[in-house]
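Enquirer: Read off the chains here:
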Amino acid sequence: MHDTSTASGVAIVRRPRRAKALWLLLLLVVLLALMLASVAVGSRVVAWPDIVAALGGDTEGFDRAAVAKRVPRTLLAVLAGAALGLAGAVMQGVTRNPLADPGILGVNMGASLAVVTGIAYFGLASPTSFIWVAIAGAGVTAVSVYVIGSLGTGGATPLKLALAGAATSAALASFVSAVILGRNDIADGARSWQIGGVGGGTFDSLSHVLPFLVVGGLLCLLSARGLDLLALGDELAAGLGTRVATARAGASLGAVVLCGATTAVTGPIAFVGLVVPHLFRMLIGTDHRLLLPFSALGGAALLTAADVIGRIAARPSEVAVGIVTALIGAPFFIFIVRRHKVRAL
Amino acid sequence: MSGSVTKTTQTPPAVPAAGAVDTVSRGRHRRGRRRLAVVVVLSVLIVAAFAVTLMFGRTFHPPADVVRVVLGQDVPGASFTVGRLRLPRAALAVVAGLCFGLGGVTFQTMLRNPLASPDIIGISAGAGAAATFAIVVLSLEGAGVSVFAIVVGLAVAVLVYLLAYRNGVSGGRLVLIGIGIAAMLESVTAHILDRAAEWDLQEALRWLTGSLNGTTWDEVVPVVIAVAVLAPVLLSRAGDLETLRLGDDTASALGVRVDRTRLVLIVTAVGLIAFATAAAGPIAFVAFLSGPIAARLVGPGGSLLVPAALVGALLVLVADFAGQFLFGVRYPVGVVTGVLGAPYLVYLIVRTHRAGGSL
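In order, the protein sequences belong to chains R and Z.
Using the working numbering, read the first sequence as starting at 23 and increasing by one per residue.
Using the working numbering, read the second sequence as starting at 3 and increasing by one per residue.
By construction, these hints were calculated from the structure, which means they are not laboratory data.
If you're wondering where the values come from, they're calculated on a predicted model, not measured in any experiment.
Every residue gets a Cβ at the ideal spot worked out from N, C-alpha and C, and that includes glycine.
Just to be clear, a hint being listed does not mean it is correct.
[As the list claims (entries may be wrong)] Each pair of labels, with its calculated beta carbon distance range:
(1) Z:157 - R:55: 36 to 42 Å
(2) R:357 - Z:39: 44 to 50 Å
(3) R:165 - Z:215: 34 to 40 Å
(4) Z:49 - R:224: 54 to 60 Å
(5) R:361 - Z:138: 31 to 37 Å
(6) R:260 - Z:197: 51 to 57 Å
This is chain R alone, in the form it adopts within the complex (with noise of 0.2 Å):
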């Protein structure tokens, strides 16, 4: 991706080719790191053989077939990640806002909350279905979200984004929590649909989901080129020849799709989004081009990354990677808050 980047611009001058290559190569191997650490490591020690075997298809025995089942969760762990920082990404660049995040913007929990509703009340059951449904609950909720958080003098301000997101997400907590709870042959699952994790990863929910991420990934990285032109302001980029609305749905679309369909197998996970463009932000520079996919990879190994330490913290039983991800996030979020000059409310 990064010898496209031939347009000129302050970051290509500031940051050489070359650097940006090391930086994916590098990134490339901690993610490949990542997932062997995610493979070998659990709750229970497998010895290195057993795992090359495992690996090899080999499920003879107790040890191989654990590593096995590291495998999908591994898999899901890796497009999850992906999907959530390409989105945060895309959602920053559209929103032109610091603190957007799939998460804090509440698009998440309302992904959450439409497929909840759909199995309390009208027997969803098919995996295809929760990502449709997860997908309808994580449009509606962004949209209502950015109108919310439009409303009145100065327009969508980060401030006023970022609180009508967190009120949102509260509020649907709250509501996912009451379907649950009228429904007792329900509630057993249910913890995974307020706080998410990828423990339940099969490669049966990995092929129904991966179509959607692929569609959601493509329109957000097509999308590269508007979001550059957007981040020059609405009037400079129409002036330039975008369509402004179009580049903006286009790219919202992506991230919808790609939030609602992680949400549907996943549950709601927080932070990721938030924090990974910002990071690459401050290595690469500001262009969406590059931005984008450094973001997905970033977003794999961060929550890769994330799934592997809430296993080992918590041997034998195991940490949920939404919560390692809000103890990460949220010191992150906090700084963002405190180092932007958010203008007051």
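Guided by the hints, dock chain Z onto chain R, whose structure is given.
Expert: Relative to the frame of chain R, chain Z by itself:
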């Protein structure tokens, strides 16, 4: 709330005309009467709701039986249901509601922002996380849990304030930082609950959304003591709290020791919230809702402490009763108040944004 802030600015002209004095005093009387009426009506409603809670349930007990049980007589059948099950539960609903209402409106008034209530900026979440930690990990009981909850609640309050401080505290920044802190603390609670697998769903819910299920007198007594000790302290500072609304400079010019008053207010309010949370869990949004509702009822001017406390008590009582018997399934009180409060939270933000600015 925003309206009442601007209208309390009572800077009298140097030489007031006789007519103006009359107008002001008439207005003050009228508002005083309205306040009194609101307080009386709320009290009556609380007593009525309390009585209904004691009488109705799976089985009905006539008022005469209930009165005899409350007076300590032994009534076959009613003594257990009313005396052991319903009475402590209703009592905790009232005192916890008082605590949440008082604590919430104190923060909202002091920070001049209805969103800055303890359940949104992480203080309730801190007390809840501390209580679960004390019970599950440290195996504490009773007073130890409350003390731990208060210490952590105070620490969270101080932390949020310090983190939000940059050339003064802006309301929006404080609220967002509080939301971030709350997210962390809630995940700590969730993790502790995950580990304590032997807890049943009800007990877990108490710490996630607040619940009064299975209340015993052991849990009620500390909260009653907390209200008896801390509420008078808070009420004695009601005037200073009102003056603080005018801003720190004006308040200190009017003779309020700003820092000391604020310290006392924070410690008492957090104490009330923490005691109630340790007993009933962080009953969602009661602290947040009570103040604005009371402000609507009472109208501009005057302290909101007493009306807000009564609104809180009434909210918890009614929501608990509704959660138990209105829906076919038994909902814990925190879910009912959460579902009530959540849309109001969004509405408040919509209204604030519409009005184009300060909360």
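Enquirer: If a hint holds in the structure, say so; if it does not, say that too.
Expert: Here is how each hint holds up against the structure:
{"no.": "1", "hint": "Z:157 - R:55: 36 to 42 Å", "result": "holds (37 Å)"}
{"no.": "2", "hint": "R:357 - Z:39: 44 to 50 Å", "result": "holds (49 Å)"}
{"no.": "3", "hint": "R:165 - Z:215: 34 to 40 Å", "result": "holds (38 Å)"}
{"no.": "4", "hint": "Z:49 - R:224: 54 to 60 Å", "result": "holds (57 Å)"}
{"no.": "5", "hint": "R:361 - Z:138: 31 to 37 Å", "result": "holds (36 Å)"}
{"no.": "6", "hint": "R:260 - Z:197: 51 to 57 Å", "result": "holds (54 Å)"}
Violated hints for the displayed structure: none, as all numbered hints are satisfied.
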